[in-house]
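Chemist: The numbering of the sequence shown is my numbering, which starts it at 1 and goes up by one.
The reader is advised that the hints may include incorrect statements.
[Said to hold, decoys possible] The list that follows gives simulated cross-link-like pairs (lysine-lysine, DSS-like), each with its CA atoms no further than 30 Å apart:
#, residue 1, residue 2
1, K160, K150
2, K128, K150
3, K128, K166
4, K128, K40
5, K150, K166
6, K40, K160
7, K128, K160
Derived by calculation from the structure, the hints in this document are not laboratory data.
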Amino acid sequence: MRPSDPAQWFLATFFLFASLATPSLTAGAQNEVTVSPPSKIARAHMAQQRASVDDLARRELGQGISGDPDRDIRMLQRLLDRGIVTPEDVGTLQAMGLVLGDLLASELGLAWVIYNDASGRSRALYDKQTDNYLFPMTMISRRQQVGNQKPVADIYRDAKAVIEEKRPRLPFQ
1 MRPSDPAQWF LATFFLFASL ATPSLTAGAQ NEVTVSPPSK IARAHMAQQR
51 ASVDDLARRE LGQGISGDPD RDIRMLQRLL DRGIVTPEDV GTLQAMGLVL
101 GDLLASELGL AWVIYNDASG RSRALYDKQT DNYLFPMTMI SRRQQVGNQK
151 PVADIYRDAK AVIEEKRPRL PFQ
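Please build the complete structure, drawing on both the sequences and the hints.
Modeler: Here you go:
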């Protein structure tokens, strides 16, 4: 059926273009990313996670979180090596990722943010120098869950390298 009236042509053309544009608009909405500072509730939850790792390490290893990267990375590794934290304990593994993230944030000047995209809501570290994000919450847990035994020190070193490689080089370095 062909439209014979100019108004019908206009409407048919309008709806054709509207239907063609809709998938791209939907795809754009699916790729939308929003970033915000952690809410008071998120900060409280993060503090609780830090405290849970600190308490566990003090109880099981006789040392807590110190803020010293070498010492804390060794402590996180011992929690894994001794089987104190198992691959099934996703909550504790993610809390360990938070501790790892705190070390990265401190050393590299990164900021904790809430990153929302089509996959969901995540806590991430943001580097304002490069506009890049790291997702340390799952750096340990996802590996452990699939049997990947990559040492925590290597995970830390690799994450640090990702940011440092993207930063602009300063003169005379």
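Chemist: Each of the hints needs a verdict: does it hold here or not?
Modeler: These are the hints, each one checked on the structure:
1. K160 - K150: holds (15 Å)
2. K128 - K150: Holds, at about 28 Å.
3. K128 - K166: Holds - the C-alpha atoms of K166 and K128 are around 11 Å apart, at most 30 Å.
4. K128 - K40: holds (22 Å)
5. K150 - K166: Answer holds: K150 to K166 is near 23 Å, not above 30 Å.
6. K40 - K160: holds (27 Å)
7. K128 - K160: holds (15 Å)
When the structure is compared with the earlier hints, no violation turns up for any of them.
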